[in-house]
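Following the hints, position chain B against chain A.
Number of protein chains: 2
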Amino acid sequence: MNKPIRIALLGLGTVGSGVYKLIHRRAQEMPQIAGAPIEISHILVRNTAKERPGVDSSLLTDNWADIVNDPEVSIVVELMGGMEPAHTYIAEALKAGKNVVTANKDLIAMHGGDLLDLAAEHQCDLQFEASVAGAIPIIRPLKQCLAGNEISEIMGIVNGTTNYILTRMTQDNMEFADALAMATELGYAEADPTADIEGYDAGRKVAIMASIAFHSRVTFDDVYTEGITKIQSTDIRYARELGKAIKLLGVACNTEEGIEVRVHPMLIPASHPLATVNDAFNAVFVHGDALDDAMFMGRGAGELPTASAVMGDIIDTARNLLMGCTGRIGCTCYKNVPVKSIDDIRSKYYIRLNVENRMGVLAGVSGVLGNNGVSISQVLQKQAAGDSAELVVITDTVRERHIRDALLILENMSMVHEVSSVIRVY
Amino acid sequence: MNKPIRIALLGLGTVGSGVYKLIHRRAQEMPQIAGAPIEISHILVRNTAKERPGVDSSLLTDNWADIVNDPEVSIVVELMGGMEPAHTYIAEALKAGKNVVTANKDLIAMHGGDLLDLAAEHQCDLQFEASVAGAIPIIRPLKQCLAGNEISEIMGIVNGTTNYILTRMTQDNMEFADALAMATELGYAEADPTADIEGYDAGRKVAIMASIAFHSRVTFDDVYTEGITKIQSTDIRYARELGKAIKLLGVACNTEEGIEVRVHPMLIPASHPLATVNDAFNAVFVHGDALDDAMFMGRGAGELPTASAVMGDIIDTARNLLMGCTGRIGCTCYKNVPVKSIDDIRSKYYIRLNVENRMGVLAGVSGVLGNNGVSISQVLQKQAAGDSAELVVITDTVRERHIRDALLILENMSMVHEVSSVIRVY
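Those protein sequence lines, which keep their order, are chains A and B.
All residue numbers for the first sequence refer to the working numbering, where the first residue is 36 and numbers rise by one.
All residue numbers for the second sequence refer to the working numbering, where the first residue is 36 and numbers rise by one.
Looking at chain A on its own, in the form it has when it is part of the complex:
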């Protein structure tokens, strides 16, 4: 039998604990699955004195040097998250010829390119399946199974917290604040939910997927993000009347004028496969020239689902180690495609306005839109109360900058009390 492959876990939070459990749960089968036993030799934690039930405390260390200088450690599994010290540790591990598996989307979305270059230089694996959409296989399918395609579009629900919030708003008519409170109570939302509800978390995942799908480096800085804090249950109700659902989507398109990468709420047809992906589930929809449409759905977060993806990477790296082919699949960004400004992106829009309740208002609004090159596809006149009325306009496809110009004018018209919502329409 091959001698054990020794791995070091950096971090023993939710995902780290999941990986610890899975490694032990599968220990007996690893020689057959991976080709050799897989053993944890170190666990890097901040506080080695803390009680950790079920964890072999002899593995704990707070000293990174113990790991990076140990020639027996061949895979470093980084599950601390955040930029530092994760960035430094991963770079040092690669320089020491150690393979790296990470679930760190923040880091990969910003520095994935440099780290992959470093991995290539040292003929090491750098794998990060768990950084996007938890348990759902998406990085490896994009890099391998779908490698014969020209991928033109990726669209995904890649943040479970916001999908849970929108599901509650849709199914239980809750308002955003109440749904967020419920998500926090259930542990779906963190104490500071900003990264989720503002779309930053989804934006990092979209940057990673776009880089792989389009073979051109996209970083988080390139991604336009807009969260779900302004969505009201009214919008969800009107969307339903239009046969649509509202989802927070990460969208990446490879167009002739460049790459579009953005995260924002969107009205999608109720019949679209993504429309039925509810609660904390994630799903990624991919369009390629050969495969046509495909969708991958599953758990986007959580202890064991995320650990499932990490384990897949560990096993893959173990197989590469045993076959002497680490670094087998490195960076696949061999193009340099520009990223389009959000101003140049074209979309349809749902615009909900609170307006004066009198004749001539619709003509006024349509006039402003028309003068800015925005044509109207559909108008819903909703309830009126006293001197106020609600107007919902669905536009034809138009460039973002034209909508912005039109909205600036509408916001300053006396007949418009408020531009209540502006949401893109698929």
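Read the hints as simulated data drawn from the structure, not as lab findings.
Built from N, CA and C at the ideal position, the CB exists for glycine as well.
So, partial list: chain A residues that the calculated Cβ filter (under 8 Å) puts toward chain B:
hint : residue
1    : R61
2    : E164
3    : A170
4    : I171
5    : L181
6    : D327
7    : A329
8    : F331
9    : G333
10   : P340
11   : A344
12   : M346
13   : G347
14   : I364
Leaving out everything else, chain B in the frame of chain A:
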């Protein structure tokens, strides 16, 4: 730059033509994607004289020896289908140290184990992603991404023809024969549709998926198959009233008493992700102990979708060739789990009966079911006409053999004119 990797295509039908097109469409990028140019050096066809527009006729040969004896050919791509001569050619190619990519589900479902052993003996790749569910990545995700899981269940819509037929029956209230005729006209069904409509095609795919998911060899012979020829639009209508859809499902479960592998129509809740997979789309639902639920959806057949999966395998093998690690992932069946008889499988059932239209019939039917250990969960009394009435019974979970015993008796009772339908319920 690395020297070109030469591949031979066996067969130039629908999938072969798709692969030919894709190889040419991606030719310029292959050095970056795969690490070397990929060139077709031979195409094995029956008739080299036939006109094939767009195909370089100098590559055509009807002589297998030209290919197997050419040391320059490093990947044989078998796209002829069927058992012979595909089986012999693949075995000879592996013995000659050539890597093999195939889309041949018939062959892999029967002889996959032996061929994988042969591949291992010669340190070659034998890849077959396209043999299951067309463009949808499922073999590689199961062997790699989800390798840290104990998979307990796979359930899939893996035959596009029957899914198209059931979709037409559901959405357009068509009867089976009319929907089949439409599928034939549109090219979704073959001239002889037996393998599709009787569930054999799906059975082969389930055998392959079960072998990989449960690490134990399952062949097509082990799979219980039941097709959709007896489904009537009435059943679909009643299912809808019950909040369910009827789908032809391939089901593989790893239970404590052994592996269950079967293909049959099934009533599934309308809210289940598979219920909304319509037309010729395929989808595979997987449950694992770490990942929880996941679903993979996409095109299960067609020229370019299937070629997409073949290309993924070719590129993977090319990368292995360049890294000197062919045979990197071989057979993963290291267990020997028994396959359960269909008689021992437990399920709920939908039973539609045409009975005498009089008092006491329901009591009679319930009595027979009860005497055979079948308890009833729900009864629908449907329309009565003259002396006939329609009765739909949904049972609780029961062992298959008990249902069969009960049906034998029901069929011979004078008060039962006909057992019109028996369909399993998820």
